[in-house]
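Asker: Residues per chain are reported as follows:
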Amino acid sequence: EAQVTQNPRYLITVTGKKLTVTCSQNMNHEYMSWYRQDPGLGLRQIYYSMNVEVTDKGDVPEGYKVSRKEKRNFPLILESPSPNQTSLYFCASSSSGQGEYEQYFGPGTRLTVT
Amino acid sequence: AQSVTQLGSHVSVSEGALVLLRCNYSSSVPPYLFWYVQYPNQGLQLLLKYTTGATLVKGINGFEAEFKKSETSFHLTKPSAHMSDAAEYFCAVSDPDTGGFKTIFGAGTRLFVKA
Numbered sequence: 001e002a003q004v005t006q007n008p009r010y011l012i013t014v015t016g017k018k019l020t021v022t023c024s025q026n027m028n029h030e031y032m033s034w035y036r037q038d039p040g041l042g043l044r045q046i047y048y049s050m051n052v053e054v055t056d057k058g059d060v061p062e063g064y065k066v067s068r069k070e071k072r073n074f075p076l077i078l079e080s081p082s083p084n085q086t087s088l089y090f091c092a093s094s095s096s097g098q099g100e101y102e103q104y105f106g107p108g109t110r111l112t113v114t
Numbered sequence: 001a002q003s004v005t006q007l008g009s010h011v012s013v014s015e016g017a018l019v020l021l022r023c024n025y026s027s028s029v030p031p032y033l034f035w036y037v038q039y040p041n042q043g044l045q046l047l048l049k050y051t052t053g054a055t056l057v058k059g060i061n062g063f064e065a066e067f068k069k070s071e072t073s074f075h076l077t078k079p080s081a082h083m084s085d086a087a088e089y090f091c092a093v094s095d096p097d098t099g100g101f102k103t104i105f106g107a108g109t110r111l112f113v114k115a
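For the protein sequence lines, the chains are A and B, in the order given. Heads up: the first sequence runs through residues 1 to 114, numbered per my numbering. Heads up: the second sequence runs through residues 1 to 115, numbered per my numbering.
If we strip away everything but chain B, and leave its shape as in the complex, we get (with noise of 0.2 Å):
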């Protein structure tokens, strides 16, 4: 069965520095790939995806992720963190085999920001 695991329950960074969110996914076959953004008392909102194509894609906010079908990864980085960056961020895939009606997300990552 697909899974998807996002390493660190809790990531923080301070203001100006390089955020990195890793994302594995366990696929024989590429999944389609996305990255949410929750933030406090609101629904997730997409970042970006990944389905066919150029394997780096941007996103919004200055995001941007790479997928790496050798390492089975979908990391998201952005250059330089912001305050506002701070939320709680999501890896999702869904499988192509399966006609993509089911998502399985990771479990979250929650982004901190120091000033």
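Bound-form chain A, shown alone (with noise of 0.2 Å):
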């Protein structure tokens, strides 16, 4: 089944302890992204990935690490979180950066940062 997966899907952490959170692409994807997404506010866009080793700022890229190692992974990294990086964050692939190419989600991962 074609499909994005991220892990973990809820997650509770303290202020400045680093973490990770992993998203993964079955689909030999060229393109992946990551949003959060608040009340209010939509999806806002902090890294996205044109292909391996190939990445860029989002609207919101500050506070966040990003990696392409390998074409189905795409891995976000908080160094060091703070409480207003609470929030609902989902990954999504598109076969083409080119932007006419739908994307397609992962379940989410709803993190909180005390």
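Since the hints were derived computationally from the structure, they do not count as laboratory data. You may find that some hints are simply not true.
[Unchecked claim] Pulled a few chain A residues facing chain B out of the computed Cβ check, cut under 8 Å:
| hint | residue |
| --- | --- |
| 1 | Gly40 |
| 2 | Leu41 |
| 3 | Leu43 |
| 4 | Gln45 |
| 5 | Tyr48 |
| 6 | Met50 |
| 7 | Asp56 |
| 8 | Phe90 |
| 9 | Glu100 |
| 10 | Glu102 |
| 11 | Phe105 |
| 12 | Pro107 |
| 13 | Gly108 |
Just so it is clear, CB atoms sit at the ideal spot from N, CA and C, and this is done for glycine as well.
Two chains, each in its own frame: build the complex with the hints.
Answerer: See the structure below:
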């Protein structure tokens, strides 16, 4: 089954404790992206990757890091989480970054930073 | 910068009534336009999209949307609402001028369907 998986689905952590949210897709997609969803703000793009070893900032990259060492994986790293990073996070992938193709979303990771 | 405005954070309709969810974008260049739906505790899934060609596009579950360049709009409609349509709907655009790599989402509209 074609899918985007994220782990963990739920995470509660404390300020400053480094964490990684994993994202994997099995569709051989070139393009992957991370979003955060906050009430009243919709989804905002954090980082995206056009292909292996090629990443760029979205609209809200502060406090986040990403890497794309393999085509299927695109982990999101919070080196020193803060309470304002409490949010619902979605990973997405697309066959191309050209924009006209739909994105396939993972189930989401709900992160709480205390 | 590109922006997307969805008019109405909440819309309530009766079962069988017309559904109209509004989306306006700001762009001097016609972007690629999408509507996604999010059911509770799930990720987003594509309803429909406009890239080029026919301006009236049909999607899944009886939804359709019309791209109106003069109005910079891409409103989503469904002739007859069903209880299962209750969800949150997001309009999104990607800008061909930036290679489409960046996608901008609207704030979302939550649709309530009354029996």
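Asker: Next, verify each hint and record whether it holds.
Answerer: Consistency of the hints with the structure:
The restraint placing Gly40/A at the interface with chain B holds, with a minimum CB-CB distance near 6 Å, inside the 8 Å limit. A least Cβ separation of about 6 Å between Leu41/A and chain B falls short of the 8 Å threshold, and the interface hint therefore holds. Interface hint status for Leu43/A: upheld, as the beta-carbon distance to the closest one in chain B is roughly 4 Å, under 8 Å. Given the 8 Å rule on beta carbons, the hint for Gln45/A holds: about 6 Å separates it from the nearest Cβ of chain B.
The beta carbon of Tyr48/A is positioned within 8 Å of a beta carbon in chain B (closest approach about 6 Å), and the interface hint is therefore held. Interface hint status for Met50/A: upheld, as the beta-carbon distance to the closest one in chain B is roughly 6 Å, under 8 Å. Given the 8 Å rule on beta carbons, the hint for Asp56/A holds: about 7 Å separates it from the nearest Cβ of chain B. With a cut of 8 Å, the hint placing Phe90/A at the interface with chain B holds, because the nearest CB-to-CB distance is about 6 Å.
For Glu100/A, the interface hint holds, since its Cβ comes within 8 Å of a Cβ in chain B; the closest pair sits about 4 Å apart. For Glu102/A, the interface hint holds, the least distance from its beta-carbon to any beta-carbon of chain B being 4 Å, beneath 8 Å. With its C-beta approaching chain B no nearer than about 3 Å, Phe105/A sits inside the 8 Å limit, and its interface hint holds. Restraint check, Pro107/A versus chain B: the minimum CB separation of about 5 Å is within 8 Å; hint holds.
With its C-beta approaching chain B no nearer than about 6 Å, Gly108/A sits inside the 8 Å limit, and its interface hint holds.
In summary, the structure agrees with every hint in the numbered list given earlier.
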